[in-house]
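Each chain, letter by letter, is given below.
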Amino acid sequence: MAHISDAKIKEYYDVALDLVIKCGPIFREGYNKTNKEVMVKAAFFDLVTVYDRQIEEKLTEGLLKAFPESLFIGEEALAGTKQLPELTDAPTWIIDPIDGTTNYIHRLPHCGISVALVIDKQLLVGIIYNPAANELYSTWRGHGAFLNGEPIKVSSAATMSSAVVGHEITLVNVAPLRDRCLKRAYKLGSVAAGTRCLASAALSLAYVAKGTLDAYHVDYLKPWDVAAGVLLVREAGGVVHNTNGSVFNLMKPNLVAAGTEPLAQEIIQLIEQSAQIKDYTFT
Amino acid sequence: MSTEIEELYNFIYPLAIRAGEILLEGYERKEKNVDIKGAFYDVVTDYDNKIEQYLMGEILAKYPQHKFIGEEETAKNNNVSKELTDVPTWIIDPIDGTSNFIKQIPHVSVSIGLSINKQIVLGIMNNPAQGKLYTAKLGQGAFCNGKPIHVSNCERLRDANVAYEVSLLHVHKVANKHIKRIYHVGLHARRMLAYSCVVDELCMVAAGNLDAFYIEDMYPWDCAAGSLLVREAGGVVTHPFGGPFDIMKPDLICAGTEELRKEIENLLRKADQEHSVGSGEV
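Going line by line, the protein sequences match chains V and X.
Residue numbering for the first sequence follows numbering that gives the first Met the number 0, beginning at 0 and increasing consecutively.
Residue numbering for the second sequence follows numbering that gives the first Met the number 0, beginning at 0 and increasing consecutively.
Because the hints were derived from the structure by calculation, they are not lab data.
Please note that a few of the clues may not be correct.
[Unchecked claim] Distance condition first, Cα-Cα at most 25 Å in a straight line; then the derived BS3-like pairs of lysine-lysine:
#1 K146/X <-> K32/V
#2 K117/X <-> K176/X
#3 K29/X <-> K152/V
#4 K261/X <-> K248/X
#5 K120/V <-> K9/V
#6 K176/X <-> K277/V
#7 K117/X <-> K269/X
#8 K61/X <-> K32/V
#9 K277/V <-> K61/X
#10 K64/V <-> K9/V
#11 K248/X <-> K81/X
#12 K269/X <-> K277/V
#13 K146/X <-> K61/X
#14 K131/X <-> K49/X
#15 K172/X <-> K269/X
#16 K131/X <-> K146/X
#17 K57/V <-> K9/V
#18 K61/X <-> K81/X
[To be verified] Listed next, the stretches of chain X that the computed footprint assigns to chain V, with coverage defined by at least 3 CB atoms under 8 Å from CB atoms of chain V:
#19 18 to 28
#20 222 to 232
#21 251 to 258
Fair warning: this is a prediction, and the values are worked out from it, not measured in the lab.
For every residue, glycine included, the Cβ atom is placed at its ideal position computed from N, Cα and C.
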């Protein structure tokens with residue numbers, strides 16, 4: 000695979016950023032509607048709106064026009080398929096038109112458009128735009144992370160006792176994850192200074208990049224939920240590992256993201272210990 | 000009485016705005032974002048005191064006979080008490096969501112409630128991080144930034160966004176109670192969420208952003224104003240086991256509909272009947 004110049008990455012970044020910003024009005028129109036038409040997808044906890052589809056179409060069209068070599072891994076295009084396509088070395092845009100759809104439907108301002116670019120299986124561009132909170136997070140590899148054009152950095156919390164940690168307790172409603180989710184919620188919750196469950200992976204990762212959350216853990220999601228957020232965290236000085244301590248895998252994105260390595264490791268260990276919990280009586 | 004409430008509302012309204020400005024100033028300070036413990040708890044205490052003293056000072060200057068509900072240990076004058084009487088009594092939380100205040104998670108609020116004859120008659124809650132000012136007067140509806148708000152009409156937990164204070168797992172003596180309840184409620188909810196700001200969570204139920212919220216072991220000032228807002232927005236607020244809501248021991252379930260509230264109550268009861276959570280069948 001040919002070396003990608005910094006200038007070329009910047010070109011991808013600029014075009015993507017412009018397109019994402021142009022999706023703002025569609026996002027806002029849907030967000031402000033009190034009675035949105037909502038469709039249930041695969042399961043009762045999985046919703047989508049017409050705005051998800053409109054935004055993904057607009058992004059895909061615009062990116063394909065500017066970069067005909069592009070491949071796409073997008074949430075709505077792949078809805079209903081059982082398996083993800085294989086990630087190749089080709090320039091691939093990973094798109095979640097609205098991450099945090101249930102928040103979007105309820106006008107909770109923790110949702111956003113998430114776009115990432117991967118080439119040679121490397122994350123090179125990441126953008127998360129939350130028009131409901133006027134927050135535009137952006138990054139391109141090697142140049143740090145930004146919120147509305149201002150540089151952002153992760154926090155320096157190195158221990159759980161001083162950390163506010165995000166996780167998704169809501170996954171307790173997914174039968175195969177229930178037990179694991181509950182045990183981890185207990186383990187993390189009993190040690191952390193605080194926990195938050197915001198139901199948007201993209202925004203939660205952006206919050207880690209900004210230092211607003213000290214760490215975030217989630218399993219079971221899809222590449223488009225986390226791709227941009229992972230790059231943001233790393234470019235903001237943080238770390239992202241696979242939940243089991245190995246290297247993060249974008250196509251099977253179980254993760255622990257944190258501002259510092261010691262905090263990430265402590266969380267990984269707590270999660271491992273949580274698997275040992277046999278009896279839930281905590282008296 | 001309604002002209003009295005009107006007068007008090009018009010009096011407190013600009014104070015609530017000003018208190019929100021002070022809160023926002025503290026919220027936006029960058030140097031806080033270092034460590035949640037230690038040095039910058041001082042910053043929290045500073046702003047907490049500033050806002051409390053501002054509000055109490057202004058209120059007592061005009062209404063020296065009014066009372067406040069607060070902790071006796073921090074009582075600075077004879078107007079503060081632990082008991083609710085018939086006298087006009089302000090129930091104020093200068094900063095709810097102190098960790099969020101420190102971390103810049105946009106769920107923070109100044110909460111101002113007023114009780115007359117032991118009944119909450121007005122409530123103003125200001126979340127300046129989101130630019131939302133929630134207001135209610137008894138019998139006159141609920142508002143956000145002057146626009147009417149209404150609870151959702153969600154009747155089933157399966158369709159519901161529910162908030163639960165998951166951070167309470169940190170408190171060892173109630174961890175078992177909460178893990179069981181989280182399990183049973185979370186099992187059936189479309190989304191379970193946690194924000195660590197009770198005042199803002201009550202506002203979110205009133206505005207229909209959340210469909211239901213349950214909390215226990217809070218102080219009167221966390222729930223007084225918010226409980227009025229939810230009711231004025233058309234929602235229900237009761238004790239977790241269905242009895243009347245008590246301002247002074249404000250354990251509650253609140254929801255947009257009684258059906259949803261009842262469904263949650265039943266699950267809390269079911270959870271409490273178990274000794275522990277297993278990984279058994281639903």
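(message) Just to be careful, I want the Cα atoms of K261/X and K248/X compared with a cutoff of 25 Å; is the pair within it?
(response) Given pair K261/X, K248/X holds - Cα atoms ~20 Å apart, limit 25 Å.
(request) For the pair we were handed, K29/X and K152/V, check the Cα-Cα distance against 25 Å. (result) With Cα atoms ~12 Å apart, K29/X and K152/V stay inside 25 Å; holds.
(message) K117/X and K269/X were given as a pair; does the straight-line alpha-carbon distance stay at or below 25 Å?
(response) Not satisfied, since the Cα-Cα distance of roughly 33 Å exceeds 25 Å.
(request) Go check the segment 18 to 28 of chain X versus chain V for me, would you? Three or more residues, Cβ under 8 Å, otherwise it fails. (result) violated (count 0)
(message) What's the verdict on K117/X and K176/X, does the C-alpha distance respect the 25 Å limit or exceed it?
(response) Roughly 31 Å between the alpha carbons, so the hint for K117/X and K176/X is violated.
(request) Please work out if K120/V and K9/V have their alpha carbons no farther apart than 25 Å. (result) This hinted pair holds, its Cα atoms lying about 18 Å apart.
(message) Hinted pair, alpha-carbon criterion (25 Å max): K61/X, K81/X. Please report holds or violated.
(response) Distance of about 22 Å is within 25 Å: holds.
(message) Closer than 8 Å Cβ to Cβ for three or more residues is the test here. Does the segment 251 to 258 of chain X pass it with chain V?
(response) n = 0 at 8 Å, threshold three: violated.
(request) Would you check the hint for K172/X and K269/X, treating anything up to 25 Å between C-alpha atoms as holding? (result) holds (19 Å)
(message) K146/X and K32/V were given as a pair; does the straight-line alpha-carbon distance stay at or below 25 Å?
(response) holds (15 Å)
(request) Take a quick look at whether K57/V and K9/V sit within 25 Å of each other, Cα to Cα. (result) Since the Cα atoms of K57/V and K9/V sit roughly 21 Å apart, the hinted pair holds (cutoff 25 Å).
(request) Measure nothing beyond the straight line between the CA atoms of K176/X and K277/V; if it is 25 Å or shorter, mark the hint as holding. (result) holds (17 Å)
Checked against the numbered hints given earlier, the structure breaks hints 2, 7, 8, 9, 13, 19, 20 and 21 and satisfies all the rest.
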